[in-house]
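Enquirer: As you go down the protein sequences, you meet chains A and B in turn. With our numbering, letter number 68 in the first sequence gets 61, and the count goes up by one each step, no holes. Quick note, our numbering runs 35 ahead of the 1-based positions in the second sequence.
Keep in mind that the hints were calculated from the coordinates and are not lab data. Predicted, not measured: the structure shown is a model, and the values here were computed from it. Each statement offered as a hint is correct.
Taking lysine-lysine and the DSSO-like style, the derived pairs with C-alpha atoms no more than 30 Å apart in a straight line are:
id, chain 1, residue 1, chain 2, residue 2
1, B, Lys80, A, Lys44
2, B, Lys80, A, Lys37
3, A, Lys88, A, Lys37
So the derived list for chain B, only partly shown, Cβ under 10 Å to chain A, looks like this:
id, residue
4, Gln41
5, Phe69
6, Gln73
7, Arg76
8, Lys77
9, Leu81
10, Ser84
11, Leu122
12, Lys126
13, Tyr133
14, Gly134
15, Leu136
16, Thr137
17, Phe138
18, Gly139
Backbone N, C-alpha and C fix where the C-beta goes; we use that ideal spot for every residue, glycine too.
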Amino acid sequence: NAGVMQNPRHLVRRRGQEARLRCSPMKGHSHVYWYRQLPEEGLKFMVYLQKENIIDESGMPKERFSAEFPKEGPSILRIQQVVRGDSAAYFCASKQGAVNEQFFGPGTRLTVL
Amino acid sequence: RKEVEQDPGPFNVPEGATVAFNCTYSNSASQSFFWYRQDCRKEPKLLMSVYSSGNEDGRFTAQLNRASQYISLLIRDSKLSDSATYLCVVKYAGGTSYGKLTFGQGTILTVHP
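Modelling step: build the complete structure from the supplied sequences, incorporating the hints.
Expert: Structure (structure tokens):
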């Protein structure tokens, strides 16, 4: 019974490149949340998705960031034209329906050179 | 003012000590409260939910004071393995909250022999 999977675990990009982060929720979970943790800071909500729908993207920067959760396959967080300030740990969490608890994946650590 | 505030510490305590962490939240519409634990460079993991009546799980006791908008975590008989960052987490009620979690910046605990 696999937990939440994220890949890659570590990603290095140069400024201006694109970063694609993938999240496979736990089996049976149709709700996905993305959070970002900047160095020395707490986690900050970015976006909440259900299958094929973005429900709340209030925490996501308006430019360069996008997210999707297609009918088939993992949820993708995409960052275009990365800048040094994007360097952070990106965690996704999934949950099942109205159940309270979110289960976190191991995170993707993005480093922008 | 941050939505969820914690004393960042660090707290350095000997094995066997009792240590208490405090947290305040600013939004009175907050619905659910949690303590998460995050080990270095790992994902956050749910330690315990916090209920108005107070609740205990082994050596851990959590308290909630809605009137003061204050949450606490008490750890008794500290173990070396308790060394981690403890995150105070709040989930808001309301139609646009969608279950997203709001994290404090974390309190660092180091238990030494």
